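A.B. asks: For reference, the chains in residue letters:
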Amino acid sequence: MIEVEGLVKAYQSVTAVDGLSFRVARGEVLGLVGPNGAGKTTTLRCLAGILPPNAGKIRLGGFDLITQPVESRHCLAFMPDEPRLFEYLTVEDHLAFTARMYGVADAAARARVLLDELELAGKERALPAELSRGMKQKLVVACGLLHDPEVLIFDEPLTGIDPGGIRKMKQTIVRRAAAGAAVIVSSHLLPLVEEICSRVLVLSRGKAVLLGTLDEIRASAGGDASLEEIFLRVTGGS
Amino acid sequence: MSVSPSPLPLVFFTAKRMLRNASRRKLGRLREPRYMIGFLVGAAYFAMLFMRPGRAGRTPTPPRFPGHMNEILLVAGAAALAAAALLTWLFRKGEPSLGLSEAEIQFLFPAPISRRALLHYALLKAQFPVLLSAFILTIVSGRRGNGAAILTGLGLWLLLTAVHFHNLALAFTKARWNELPPASRRATKIVAFAVAGSALGMLVVTFGAGVLAAASGPGKERFASLGGLVAALQSGPFGPAPLALLAPFRWILAPLLAPTARAFSLALPPALGLVGVLYACVALTAVRFEEATLSQASRRAALRARRGAGRLEALPSEKRRGTVPFALAPRGRPELAIVWKNLLAWNRTSLRRQAAIVASLAAALFSASALLATPSADAAAAIGSAACLALTALLALVTPLGFRIDLRGDLEYATLLRTWPLAAERLVLAELGAPAAVAVLYGWGGIAIALAIAAGRVVRAAFLGAAVPPPPASAPFLRFEALVPVALTVAVFLPSLVALALVVQNASVLAFPAWFPAGRKRAVGLEQSGLRMLSFFGTSLVLALALVPAALLAGPLIFFTFRPLGFWSLPIAAVFAALPVLAEAAGGVFLLARLFERFDPARDLGS
Numbered sequence: 001m002i003e004v005e006g007l008v009k010a011y012q013s014v015t016a017v018d019g020l021s022f023r024v025a026r027g028e029v030l031g032l033v034g035p036n037g038a039g040k041t042t043t044l045r046c047l048a049g050i051l052p053p054n055a056g057k058i059r060l061g062g063f064d065l066i067t068q069p070v071e072s073r074h075c076l077a078f079m080p081d082e083p084r085l086f087e088y089l090t091v092e093d094h095l096a097f098t099a100r101m102y103g104v105a106d107a108a109a110r111a112r113v114l115l116d117e118l119e120l121a122g123k124e125r126a127l128p129a130e131l132s133r134g135m136k137q138k139l140v141v142a143c144g145l146l147h148d149p150e151v152l153i154f155d156e157p158l159t160g161i162d163p164g165g166i167r168k169m170k171q172t173i174v175r176r177a178a179a180g181a182a183v184i185v186s187s188h189l190l191p192l193v194e195e196i197c198s199r200v201l202v203l204s205r206g207k208a209v210l211l212g213t214l215d216e217i218r219a220s221a222g223g224d225a226s227l228e229e230i231f232l233r234v235t236g237g238s
Numbered sequence: 001m002s003v004s005p006s007p008l009p010l011v012f013f014t015a016k017r018m019l020r021n022a023s024r025r026k027l028g029r030l031r032e033p034r035y036m037i038g039f040l041v042g043a044a045y046f047a048m049l050f051m052r053p054g055r056a057g058r059t060p061t062p063p064r065f066p067g068h069m070n071e072i073l074l075v076a077g078a079a080a081l082a083a084a085a086l087l088t089w090l091f092r093k094g095e096p097s098l099g100l101s102e103a104e105i106q107f108l109f110p111a112p113i114s115r116r117a118l119l120h121y122a123l124l125k126a127q128f129p130v131l132l133s134a135f136i137l138t139i140v141s142g143r144r145g146n147g148a149a150i151l152t153g154l155g156l157w158l159l160l161t162a163v164h165f166h167n168l169a170l171a172f173t174k175a176r177w178n179e180l181p182p183a184s185r186r187a188t189k190i191v192a193f194a195v196a197g198s199a200l201g202m203l204v205v206t207f208g209a210g211v212l213a214a215a216s217g218p219g220k221e222r223f224a225s226l227g228g229l230v231a232a233l234q235s236g237p238f239g240p241a242p243l244a245l246l247a248p249f250r251w252i253l254a255p256l257l258a259p260t261a262r263a264f265s266l267a268l269p270p271a272l273g274l275v276g277v278l279y280a281c282v283a284l285t286a287v288r289f290e291e292a293t294l295s296q297a298s299r300r301a302a303l304r305a306r307r308g309a310g311r312l313e314a315l316p317s318e319k320r321r322g323t324v325p326f327a328l329a330p331r332g333r334p335e336l337a338i339v340w341k342n343l344l345a346w347n348r349t350s351l352r353r354q355a356a357i358v359a360s361l362a363a364a365l366f367s368a369s370a371l372l373a374t375p376s377a378d379a380a381a382a383i384g385s386a387a388c389l390a391l392t393a394l395l396a397l398v399t400p401l402g403f404r405i406d407l408r409g410d411l412e413y414a415t416l417l418r419t420w421p422l423a424a425e426r427l428v429l430a431e432l433g434a435p436a437a438v439a440v441l442y443g444w445g446g447i448a449i450a451l452a453i454a455a456g457r458v459v460r461a462a463f464l465g466a467a468v469p470p471p472p473a474s475a476p477f478l479r480f481e482a483l484v485p486v487a488l489t490v491a492v493f494l495p496s497l498v499a500l501a502l503v504v505q506n507a508s509v510l511a512f513p514a515w516f517p518a519g520r521k522r523a524v525g526l527e528q529s530g531l532r533m534l535s536f537f538g539t540s541l542v543l544a545l546a547l548v549p550a551a552l553l554a555g556p557l558i559f560f561t562f563r564p565l566g567f568w569s570l571p572i573a574a575v576f577a578a579l580p581v582l583a584e585a586a587g588g589v590f591l592l593a594r595l596f597e598r599f600d601p602a603r604d605l606g607s
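Heads up: the protein sequence lines correspond to chains A and B, in order.
Under the numbering used here, the first sequence is numbered contiguously, ending at residue 238.
Under the numbering used here, the second sequence is numbered contiguously, ending at residue 607.
One thing to keep in mind: the hints can contain errors.
Stated by the list, open to error - The list that follows gives simulated cross-link-like pairs (lysine to any residue, SDA-like), each with its CA atoms no further than 25 angstroms apart:
hint, chain 1, residue 1, chain 2, residue 2
1, B, Lys93, B, Pro182
2, A, Lys123, B, Arg299
3, A, Lys123, A, Lys170
4, B, Lys319, A, Glu119
5, A, Lys123, B, Leu315
6, A, Lys136, B, Val324
7, B, Lys319, A, Gly122
8, A, Lys57, B, Pro316
9, A, Lys136, B, Tyr413
10, A, Lys136, B, Arg299
11, A, Lys123, B, Asn347
12, A, Lys136, B, Ala297
13, A, Lys168, A, Arg84
14, B, Lys125, B, Arg176
15, B, Lys319, A, Ala129
16, A, Lys136, B, Pro334
17, A, Lys136, B, Pro316
18, A, Lys123, B, Pro316
19, B, Lys125, B, Leu315
20, B, Lys174, B, Ala297
21, A, Lys123, B, Pro182
22, B, Lys319, A, Ser132
23, B, Lys26, B, Ser6
24, A, Lys136, B, Gly322
25, A, Lys123, B, Gly322
26, A, Lys57, B, Glu425
27, B, Lys319, A, Leu85
Hints are computed from structural coordinates only; laboratory data are not their basis.
In this text, all values refer to a predicted model and were calculated from it rather than measured experimentally.
Please construct the entire structure, taking both the sequences and the accompanying hints into account.
C.D. replies: Printed below as a string of structure tokens:
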């Protein structure tokens, strides 16, 4: 479960996130969309504990991110848009490292399943320099899922992945939510959001301009407009 | 009809904007007080270095060579240049790359400019590093003979430009050969290889014979006969041909080695003519350079990325990738995972294997020390032991500076580190673990080797009846009885000293990330060299201050206990001295944790 209340993050004179509040329940996939510079990545980075917020409360899995940072991070997996991997660690080294960091007892068995699921089997001894961008992204996801986190945050999870990989990645996200994880997916791909997200949060200039299920959002827009049309209308796009 | 724009404004525009933007960015940082303070300290340090009394107003004395030495320098230099050029014609592959960056390729290749203009853009752009190199070399070498520094600079510029044009002409020519039909290509390469090989062989034989002849005279005559080197070369087995071959190389070197302004002006026309000919070779050779330029740009970008991650060596082999420092169980303290990861960043090797190597080395040196029966063996063993100890102490100081397998390296991954379920203090402590372990374990290994060497002589004396000779009065610590407590002192004090040095180094990166960049890379450039000097100066100062309490504790202790305990007072004092240093290091870890919490990846790394 993810609870955000009155989140504010400012950089000097720019307020990137301005009083944002929302909740993501277990089993739910929240789609986070917004134009460039809307504050999506800043919001996700605050949720992941990378950036300290200026105001507001964040609770992950029932733990306060500010006062109980270690416990809340134990519940979390953050998959950034740009895969950050240690250049000198192989695929299996990354998994071994993550297992120890999160104390995963049956790490070997879980790693085997994840490598198969994400089509990384056979690449165990590969270094990041030898992986394509899509494979790097998959390795980040494998490391994130290894400790079976309650909270999953994906920032542009489909970048650089081939069509087969896209299908598997979508299945992975939906399966984790079905297993009880609270998931946030930030993406510019509105069809992806329509396909896998149970609720949508539209951000514009750091503020929530729409929040609800797809049906609720369509109803509020007064008809059966597509998400793209609604998105452009509320964010001021043409 | 559109006209291809001149490349000159393009080059100056990009150079001017890059310089302006870089300067603005650097000056913008000075608005923050911490960078301003750092800048003022650095400026004061460099001012002290370059403007101290005794240096100011001192005019460097230019080296003066007799006339025949100038001629010899010219001939020898021309021969070296000729040999290098011939070797490149023999072995260098033809890759007609213009040396452009990926961004330049992206913007300029599809742009409406002619290939000739693109070539000129690349040639002009290459002049910036050529001019900078000429400037730096002029500063380093100073004036030559009676010529002014500006003439030295001009001579260097001509030489470097000629080398650049020659290498490009070579690459273009070889690329042209590769475009020939297979039979013609093979024949051309065979002929070229034969000509270049013969010319190189002729040079080697002629010079070998000439130098032997010139140097064959005894004593003072040998030097005097060097003046006749040129004559010896002319009368060699190939007659005047070798000197004729050297002519263009002498032309291009002559302005640089000209002893007077008049000699320079006389040497200038042939050198300029040669540069012109080389330019014509480059400009008139029609060759496809796009693929090679793109390929080189990609390789450079990949290399930069690897340098950015601090790895210049080749990727480890498939076999080595299975080797880890130690087996990492999935459960246990997570800090060990960070130490394990950072040890892998340093070297993909097993700690157990390294311990076995050190033990084998110690055993081998012990055996050699015990078995050697030569009269000088005792002195050699004593000096070897002491050298080993000194090396160990040096290692302890240098290792924390050189190995960036800690927060300094990992701060590039700050966005990832922040998501790890570890409190900041534990994370910082774990990050310091790997370099500390490397420095301390290798230090202790060095101490063990030092003791093994000395122990060999003692065992020999005890079991083979040979007497251990008394040490020289000036070096009482070379006695084995003294070596053990001295070694123990180093072993006891080493961990605390390493910990403190690591804390100071990491604190500088965390507090001033724009001045001491994060990452395993060691940035290069004049500014970075200066910053490294400043960092070393700051580290030394902080360490010296931090060691004051240790010295205040250990000094009196040694003073009062040395008479009854002798050298054994040293390890006891080391224990007491290590306590305040460890306490300071612990305080430093707390400070580092706070700095890490305040570290903003978006602001400090731009990520």
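A.B. asks: Given the hinted pair A/Lys136 and B/Pro316, is their Cα-Cα distance within 25 angstroms?
C.D. replies: holds (19 angstroms)
A.B. asks: Does the alpha-carbon distance linking A/Lys123 and B/Pro182 stay inside the 25 angstroms limit?
C.D. replies: violated (41 angstroms)
A.B. asks: Does the alpha-carbon distance linking A/Lys168 and A/Arg84 stay inside the 25 angstroms limit?
C.D. replies: holds (21 angstroms)
A.B. asks: Would the pair B/Lys319 and A/Gly122 pass a check requiring their Cα atoms to be no farther apart than 25 angstroms?
C.D. replies: holds (15 angstroms)
A.B. asks: Sort out whether A/Leu85 lies within 25 angstroms of B/Lys319, counting only the CA atoms.
C.D. replies: holds (21 angstroms)
A.B. asks: With the threshold set at 25 angstroms, check whether the alpha-carbon distance from A/Lys136 to B/Pro334 stays at or below it.
C.D. replies: Given that 25 angstroms is the threshold and the Cα spacing comes to 23 angstroms, the pair holds.
A.B. asks: Going straight from one Cα to the other, do B/Lys125 and B/Arg176 come out at no more than 25 angstroms?
C.D. replies: Since the Cα atoms of B/Lys125 and B/Arg176 sit roughly 24 angstroms apart, the hinted pair holds (cutoff 25 angstroms).
A.B. asks: Does B/Arg299 lie within 25 angstroms of A/Lys136 when you go C-alpha to C-alpha?
C.D. replies: holds (20 angstroms)
A.B. asks: B/Lys26 and B/Ser6 were given as a pair; does the straight-line alpha-carbon distance stay at or below 25 angstroms?
C.D. replies: Violated, at about 31 angstroms.
A.B. asks: Does B/Ala297 lie within 25 angstroms of A/Lys136 when you go C-alpha to C-alpha?
C.D. replies: holds (23 angstroms)
A.B. asks: Is it true that the CA of A/Lys57 sits at most 25 angstroms from the CA of B/Glu425?
C.D. replies: Given that 25 angstroms is the threshold and the Cα spacing comes to 23 angstroms, the pair holds.
A.B. asks: Going straight from one Cα to the other, do B/Lys174 and B/Ala297 come out at no more than 25 angstroms?
C.D. replies: Status holds; Cα separation ~20 angstroms.
The earlier numbered hints that this structure contradicts are 8, 19, 21 and 23.
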